[in-house]
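**Student:** Turn these sequences into a full structure, and let the hints steer you where they fit.
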Amino acid sequence: MADRVQEILSWYSSDNAGTKTNIARLLRHGKLAGTGKLVVLPVDQGFEHGPARSFASNPGGYSPLYHFQLAIDAGCNAYAAPLGFLEAGASQYAGQIPLILKLNSHDTLHDEKDPLPSVTGSVNDALRLGCAAVGFTIYPGSSHCNTMYEQLREIAEDAKDCGLAVVVWSYPRGSGLSKEGETAIDVVAYAAQIAAQLGAHVIKVKLPTAHLEQGAAKKVYESTRVPIATLAERVKHVVQSSFDGRRIVIFSGGAKSEDAHVFEEARGIRDGGGFGSIIGRNSFQRPKADAMKFLHTIMGIYAGEIQ
Amino acid sequence: MADRVQEILSWYSSDNAGTKTNIARLLRHGKLAGTGKLVVLPVDQGFEHGPARSFASNPGGYSPLYHFQLAIDAGCNAYAAPLGFLEAGASQYAGQIPLILKLNSHDTLHDEKDPLPSVTGSVNDALRLGCAAVGFTIYPGSSHCNTMYEQLREIAEDAKDCGLAVVVWSYPRGSGLSKEGETAIDVVAYAAQIAAQLGAHVIKVKLPTAHLEQGAAKKVYESTRVPIATLAERVKHVVQSSFDGRRIVIFSGGAKSEDAHVFEEARGIRDGGGFGSIIGRNSFQRPKADAMKFLHTIMGIYAGEIQ
Amino acid sequence: MADRVQEILSWYSSDNAGTKTNIARLLRHGKLAGTGKLVVLPVDQGFEHGPARSFASNPGGYSPLYHFQLAIDAGCNAYAAPLGFLEAGASQYAGQIPLILKLNSHDTLHDEKDPLPSVTGSVNDALRLGCAAVGFTIYPGSSHCNTMYEQLREIAEDAKDCGLAVVVWSYPRGSGLSKEGETAIDVVAYAAQIAAQLGAHVIKVKLPTAHLEQGAAKKVYESTRVPIATLAERVKHVVQSSFDGRRIVIFSGGAKSEDAHVFEEARGIRDGGGFGSIIGRNSFQRPKADAMKFLHTIMGIYAGEIQ
Amino acid sequence: MADRVQEILSWYSSDNAGTKTNIARLLRHGKLAGTGKLVVLPVDQGFEHGPARSFASNPGGYSPLYHFQLAIDAGCNAYAAPLGFLEAGASQYAGQIPLILKLNSHDTLHDEKDPLPSVTGSVNDALRLGCAAVGFTIYPGSSHCNTMYEQLREIAEDAKDCGLAVVVWSYPRGSGLSKEGETAIDVVAYAAQIAAQLGAHVIKVKLPTAHLEQGAAKKVYESTRVPIATLAERVKHVVQSSFDGRRIVIFSGGAKSEDAHVFEEARGIRDGGGFGSIIGRNSFQRPKADAMKFLHTIMGIYAGEIQ
Amino acid sequence: MADRVQEILSWYSSDNAGTKTNIARLLRHGKLAGTGKLVVLPVDQGFEHGPARSFASNPGGYSPLYHFQLAIDAGCNAYAAPLGFLEAGASQYAGQIPLILKLNSHDTLHDEKDPLPSVTGSVNDALRLGCAAVGFTIYPGSSHCNTMYEQLREIAEDAKDCGLAVVVWSYPRGSGLSKEGETAIDVVAYAAQIAAQLGAHVIKVKLPTAHLEQGAAKKVYESTRVPIATLAERVKHVVQSSFDGRRIVIFSGGAKSEDAHVFEEARGIRDGGGFGSIIGRNSFQRPKADAMKFLHTIMGIYAGEIQ
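The listed protein sequences correspond, in order, to chains A, C, Y, D and F.
Letter 78 of the first sequence, counting from 1, is numbered 77 in numbering that gives the first Met the number 0, and no numbers are missing.
Letter 33 of the second sequence, counting from 1, is numbered 32 in numbering that gives the first Met the number 0, and no numbers are missing.
Letter 255 of the third sequence, counting from 1, is numbered 254 in numbering that gives the first Met the number 0, and no numbers are missing.
Letter 99 of the fourth sequence, counting from 1, is numbered 98 in numbering that gives the first Met the number 0, and no numbers are missing.
Letter 271 of the fifth sequence, counting from 1, is numbered 270 in numbering that gives the first Met the number 0, and no numbers are missing.
Please note: incorrect hints may appear among the correct ones.
What follows is a list of derived Cβ distance ranges for each label pair [what the hints assert, rightly or not]: (1) A:113 x C:72: 38 to 46 angstroms; (2) C:123 x Y:12: 31 to 39 angstroms; (3) C:123 x A:113: 25 to 33 angstroms; (4) A:5 x C:126: 26 to 34 angstroms; (5) C:72 x A:228: 44 to 52 angstroms; (6) C:123 x D:286: 43 to 51 angstroms; (7) A:113 x D:93: 47 to 55 angstroms; (8) A:93 x C:8: 53 to 61 angstroms; (9) Y:161 x A:160: 22 to 30 angstroms; (10) D:256 x C:95: 35 to 43 angstroms; (11) A:113 x Y:161: 35 to 43 angstroms; (12) A:111 x Y:162: 35 to 43 angstroms; (13) Y:291 x F:229: 34 to 42 angstroms; (14) Y:303 x A:72: 33 to 41 angstroms.
Everything labelled a hint here was simulated from the structure, so no lab data went into it.
Note that the structure is predicted; figures quoted are calculated from it, not measured.
Cβ atoms here follow ideal geometry from the backbone N, Cα and C, with glycine treated the same way.
**Tutor:** Structure representation (structure tokens):
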């Protein structure tokens, strides 16, 4: 299966050896090593939703060490978190799992229709903590999108110079969109395209619905009959919209939900040619043994061991 | 015809040898090499309009490699695209076609009356990707015009220091103008002048109509009887407004339209002394064979092989 | 008790030796040296409330030297103040007490609903004045929170590079919150989490009430039965919310109040596993002899000498 | 008359030798060389008003070369223009006439009550183009005046470090002033003072009327009986307001008008002790032979050859 | 009296030798040399109020040289002015009087309720002009106070690094205050405290009235019976509020007024322990001989030669 990693790396031929090495680190770690698939553990909910909403249901998660250990023990490809959480364990767990430093975050003590996350870490922080990649969230559709795109531009240029990989969370949101439109297939595909054009190596989007948000796009989807009826078809279209599959696209699990439902989604991602999942709340908000079993099932689906 | 290239280069005598070399690369590549005419393939629609609206009608175009190959095979002078699209092929196609890195882009998930594109790439990016030029869009007439002009000023100074050429898309738009005014001859000529004064080496404008937008200008056009009745006359006036023809001015094809109409426009550009076309959607939104034939006809018109 | 300091330092294993040394300086100075507990004297009221409101009741405090001497004589772990106050004595008292330079401050000659303090000092200032740490205030809940978080991000990165410790005053305030919500247990715990995620080594928050401010949080506190009835329980929850106790969290005394009340609070902090207090107005707004007695009682409570 | 140049240079004794040399270049070039008087050709109307309004009446002016040649042939002291126009001829005409690079410009495709020009060039541009000075426009009275003053501050510091001279166009305009107030004697004198205090070596203002705009100023003009009845008296007052005549102050001709009227103004400037004129539209919007004759008459008035 | 200078310098023990030397230069120059008292001549009215309002009553003052000579001849401790005025004489008068470069200024062609001066000079300018200090105005109470405090922070850090002294004009003004409140004793004392905390070496405030502006402060002044009935008492309180007299505080004379009144104020400043005066309009808006006599009387009062 090493060939699959080489194939994926060939899509990033303009990047330097350092960045290619770090993309390879993500792809060659954990239970899915070498398959070209990824399951990433992200834990930014403490900042985004507050500590009790994030960790009270499984209090082990108040500790930053818990998540390092969970990601390692479950065989995830990488662990992603904001500055404080990574600083609290990066030295102790050095070399045990690829790290992704989330460089911007948003809290809900002050809310606004058009969100703009704060930049809370730097490429230098990622380097001193031994990370393989930086992560950055953009909200296409927000009136602040220019600010986010330009922050990302600078960070991405800097990260690439330093041989890091760039992971972009592209979540449509803001006054330019209806609530339903945030996960509309045309909008999610557009968000993936934007992240790709901005130079992302790995793109993270939400799973799209069959809704079509924008009038001009709707006309095209209908006239050219883009298949979007099933989840697998929609995943396939998002992957196509990410440079015809030449960028790694992974999908987020969203809020905690029924296991069967999440497994069904993983099958859709796999069958549509998606590259994997980034699963936070569904992993760390349950007892560790459960979480490991749950993650292994998902990994099994991606590895083709489970149908 | 090499003399024509030398003549054109003589207009840029204040530029350094590196920039002159890169302008020459644009003029000495492809089927129109040495004629002083250019046909450029731009593909920024993925960012500007979203992936399906751009590529669903000819799905090969989802792949960034498609456009490199199309520009090369059709014998275009250059290929222009945003960061992601160029990163995805620059290494693979190194040295096969001059590249123009578009340094700002605008998406339609959040729309506003007075647009301000995001800066999405840098001069350093252009250098590491082996580009001949950087591209930048300004919207004269927008309330954000100062921001765009000042971003361009910094980029142009930096690009010229590094021996790159500077291509400016000058598209009047925003609350200062009526919809009809965006392509009015006085406004388009003014937009060309602004780009030239800002230090552009190559200026890209839309084809102007005979409409006159601004009262003070209208009076002058009428009293001094500037000929603007035919397309060729209007092209001639725009070229004159670009330092009396001492700057390269090319015209955009706009939305997909009838071939005969586009050819007629090319004749107007040629007869008015324009330097060529930048043709995106009319090229890549049709099957490749068709596109090549279509582009060759336009090149034939510019080369004088087709009347 | 030196083991306790070593234990605390082990939580900061990703920091460089300089920063660890300065955290140790805070923990190994004064009457509580080596206990893992801290009592810090902060004097920023001159800037925040004006000189007479701060010092008229005990006029010795108009002099910057008074506070250095008080902190030293009372055996505090550190003395924290803005630039002017530290400049006025840092050379004279060099090496006699660890100093914390407050890098932002806010005055009340111009008030606003969503406060944004001014940055009034720099990491370089802290270095030239021989400080062990920089201090910075954030107001989660303010519409200006992004600005503060990003100022802190830069300062913290810079301070850590230079081997300083970072102390964050995290005070929820602004249009996102009700007045009662500023000290609600869910909000204070969230504020502590934010400071920790932003990379604070030492976190200072206000003592929380049992009020629950945010609907989504209230639901979780109730369903998971987080104990918040007593002050000790609430302190415990805040400490838990600060990386499960792996960050130093100290509590502010607030406005001048009854001694018995303050001592009761200190017992609550101690019993809940808090790391100590930062006590300004209750110390310097009374005669020095009184202040020393008062502070020694609090230290005695933390040291376990007084029940 | 060389003594007069030395006398003028003595006013700039705090400047470095480079800047003094460049001020001297302006004063020792052309027909007025050595007299201490200047006639400067400025051509920024292409940017400010658009190409047709600027050049249609004398189409030779569309070419950037035309203006270099006109300024040289007419014996002007210097030629001032924005980046594009200077780049288009600086190399070709190197050393034939002192150049002033206008570093900010404003177009009329988007208009606003309180104007803020765009910065469109840099001190580095001026250096690479071999200029003697940089030019910068401020609009005292605009709500954006701080931005302009601070841009000028940085540019002037940089220019002086590099040995360039600084020419400031000081044009009162904006919501702080009535239309009539823009040329009121108190306002024009104030605008000259501001430019001088900001460190301008050469100040350009409009010719003032006898109107008094500001109440507090009116009272002083009347009580101290400042003579402002004739143009010469007003020019004298503006010169006095420019450090008692120790700064070079030149006056703009404004829109195209009757020759006799312009000559009358030149006499007023001369008789009031002004240092000369900056004449754009009245020069290049007429046939070249006419323009030369017209400019020579004005130079003759300044040289005292014509009464 | 040299001991008094040494005593004053001891308050600035955290400053480097360069800054101490420059503070000493201010204290050891002119008729009051060595007394610890200062009379400074400031001439920024040309920028602040316009030239005629400033100089028409004594036209010699239009010349920048006039003020250098006046300050030298009258034996002032220093001369303070904006960039242009200092550039016009700094070389000529090099070494004859300590200079203070005012780094921000405000004009009245555009007025606003919440003023924000423009930064019009730099620390580098102060160095190249041989200044002993930089001067900077803050308006506590303005909605723009953050901007001013942060500009001052940067400038002060830079100035101190370069061994210059920092003089802060602290003038409460803006929407946070009533007109009467601008000179209220609580507000002026607060303004002095803010300047001191921001790191000023020399603080300039207006003479306070007995009015109390802020409710919370009023309560404290009344309950602790701070004596504020006489001018001397109020000066004493302002000095106390400036680090208990460990910072140099001087008072401004304000608009032109009766000599007897100004002398009475000087006695109040002296008797309250103030460090002197900064006197502009009362000096340069009268004939030079008068001005010298007037200033000598004030100096005599400070020196204790005149009661």
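**Student:** A separate judgement is required for each hint: does it hold in the structure or not?
**Tutor:** Against the structure, the hints come out as follows:
no. : hint                              : result
1   : A:113 x C:72: 38 to 46 angstroms  : holds, 44 angstroms
2   : C:123 x Y:12: 31 to 39 angstroms  : holds, 35 angstroms
3   : C:123 x A:113: 25 to 33 angstroms : holds, 30 angstroms
4   : A:5 x C:126: 26 to 34 angstroms   : holds, 28 angstroms
5   : C:72 x A:228: 44 to 52 angstroms  : violated, 36 angstroms
6   : C:123 x D:286: 43 to 51 angstroms : holds, 49 angstroms
7   : A:113 x D:93: 47 to 55 angstroms  : holds, 52 angstroms
8   : A:93 x C:8: 53 to 61 angstroms    : holds, 56 angstroms
9   : Y:161 x A:160: 22 to 30 angstroms : holds, 24 angstroms
10  : D:256 x C:95: 35 to 43 angstroms  : violated, 59 angstroms
11  : A:113 x Y:161: 35 to 43 angstroms : holds, 37 angstroms
12  : A:111 x Y:162: 35 to 43 angstroms : holds, 37 angstroms
13  : Y:291 x F:229: 34 to 42 angstroms : holds, 36 angstroms
14  : Y:303 x A:72: 33 to 41 angstroms  : holds, 38 angstroms
Checked against the numbered hints listed earlier, the structure breaks hints 5, 10; every other hint is satisfied.
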